[in-house]
Amino acid sequence: MATHNFKHALFCAIVTIIIAYPILGLNLVAQGTTVGLEGATPGTVISVILAAVVVFLFQLFRDNIMTSLGKLPKLNPLSGREPMPQAKRVKMESWVLTGIIVLALFWPFFVSRGSVDLATLVLIYVMLALGLNVVVGLAGLLDLGYVAFYAVGAYTFALLSQYFGFTFWMALPIGALLAALFGLMLGFPVLRLRGDYLAIVTLGFGEIIRILLNNWTAVTGGPNGIGGIPEPTLFGMEFGRRVKEEGNTSFHETFGIAYSGEHKVIFLYLIALVLAVITALVIRRLMRMPVGRAWEALREDEIAARSLGMSRTAVKLSAFTIGAFFAGFAGTVFASKQGFISPESFVFLESAIILAIVVLGGMGSQVGVILAAIAVTILPELAREFSDFRMLVFGAAMVLMMIWRPQGLMPMRRIHIELKQQE
Amino acid sequence: MQDLLYFFQQLVNGLTIGSTYALIAIGYTMVYGIIGMINFAHGEIYMIGAYTALIAITGLATLGIAWLPVILVVALICAVIVSSSMGWAVERVAYRPVRGRHRLIPLISAIGMSIFLQNYVHLAQGSRNIGFPALIDGSFRFGPADSFQLSLSYMQITIFITTLICMTLLSLFISRSRIGRACRAVSQDLGMANLLGIDTNRIISATFVIGAALAAVAGLLLGLYYGSVDPLFGFIAGLKAFTAAVLGGIGSIPGAMLGGLILGVSESMTSGYLSGEYKDVVSFSLLILILLFKPTGLLGKPEVEKI
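Protein chains in written order, with our numbering: chain A, -13 to 409; chain B, 6 to 312.
A couple of the hints might just be wrong.
[Unchecked claim] Partial chain B-side listing against chain A, Cβ under 7 Å, derived:
#	residue
1	L68
2	A94
3	G105
4	G117
5	A129
6	S132
7	P149
8	F298
Please keep in mind that the hints were generated in silico from the structure rather than gathered at the bench.
Small disclaimer: the values here were computed from a predicted structure and weren't measured.
Beta carbons: idealized from backbone N, C-alpha and C, even for Gly.
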């Protein structure tokens, strides 16, 4: 046994060196037209060797480590406790949520412009993640091209405002409905595919949309994108220093206050907040309606659900369309916030980030997904010096979550009715 | 005559690209055939193969070795070793612990691994694309000297020959060797193979290693053919290769070869006769259409859904 372990450990250590050293230790540098090779700093080399040693020791004493880990007391003191009674939990959850929303309403008036801007972005991600949560978390359909619907929403607003002078409020429902229509159109043929095929088809669809946006230069401006997207107005009041459109008044003149750029940012934030809350409430409601239960039933056992008379296509299609609808919502807000969009913002990575938010938060759980959206968007901003490592950590976190806690940080708990214990 | 030459040129270009897609597609198809998961990180393994090959080539150039066969063989061996180790490690770290769980879980794990590997190379080697030296230069030309000529470059010939050798070796390996037979047994029935004393964990590892080795070969070839690599190099190629695997019928090795060739030709025909920008649109549309109308692919066996 010992020799077997030793051989295995040695093998693992050698593999570690093979996969780490050439890529990390030898850097290719362009020297004019040719390429040269540079050794990495001693620090890198030492850390590669250190990693190999750690792997070696871990594999060598793997059995011992595993048994002693099993004997350790549970780290989480709450793990053994009884779950809270359901009625109490639901009540507490809704109180907490109301508190958070009230806090979020007043918070922007006391902080800097930059943080409000970031918070708007967080809210956009919250909307996206809540929408994808319906598709992936509740209905169990892995959609890797979710960003396509986001792009449809954003581009609908941008194009309508550029060519027809539509305002934000007119474009918002159109963008969302058009995204939903795209969802319906894509969903109708592909939803009979099995899980992983569906993932690849949606991924292909996302890429197709992006390539079309990139190459259809006459309409979308290609890689240069579309600029000059108008900001939302409040009952015809604009937030700029000067009124751009005739017939409109400006916000600061109507109320007789000094002009400030912050009004606009806060207004956008509030719009995003309201839309995010609407998204959350609508989906919360849907989850408890027959259609929401049908989503979950289909996710859990397709054959059983179908044998109970559910229409597989209709149920899946409804999830797909609703998810796309909210992505369109988020896209419109995003276009309005940025004032400029280009295909760069709608790459596959964006889909992967939204998916990661859903997975980290716990598929199906709304509170978890909202918290994960906040964490995933804000953490990289806080740790700017590590921003290079952001995506690396992201990928690793996705893998580790799947291994250790596939149900996510705050797994979804179904509302259920318990039988009273009979004496 | 002109049109015919032009057509043949597109065909040759398509077959060149297609045969490398086929090399990558085999990795997808073998893994899918055995454990039923899409190895999303396979494209990244191919990209790492290309990077290792470039590192080896540059290293040899620094040492002053200029004899072409030595350079190619050393680069090939380095790429294969590093990529195979990577394939082995990825399976061990990211896929084995989640094997047998719900379908989406290994897939998400694989996407995470793909993002991780992309950024691993990005951090170590920078995000800019780096040029491959043109080691194999020159071409045969056919046709009248004053107008369009069909050109068949030495690089393309190298790609054909290498792919052919790899495919033959793989077929022999799968049909004759002990591990190859075990591979086929495991892909037919994993549980039964386990009962009959086949070390299935080992066979699954072997599948990943073989797939990664072929991807590394493709990485070297395509790196030389395109003339540059960057960390995102693997993503689209991986997607294309997956398309090829599905096209031919996922799980079937001859299917992957056929699918790769068809995909490559249809792509080069699109860029030859329509527009190069839309070739990706065509291949993804092809993927969607195939999955809609013949989800088992051209050579795949229909899968029976059991309760």
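Q: Find the hints from earlier in the document that the structure breaks and name them by number, from lowest to highest.
A: 1, 3, 6, 7 and 8
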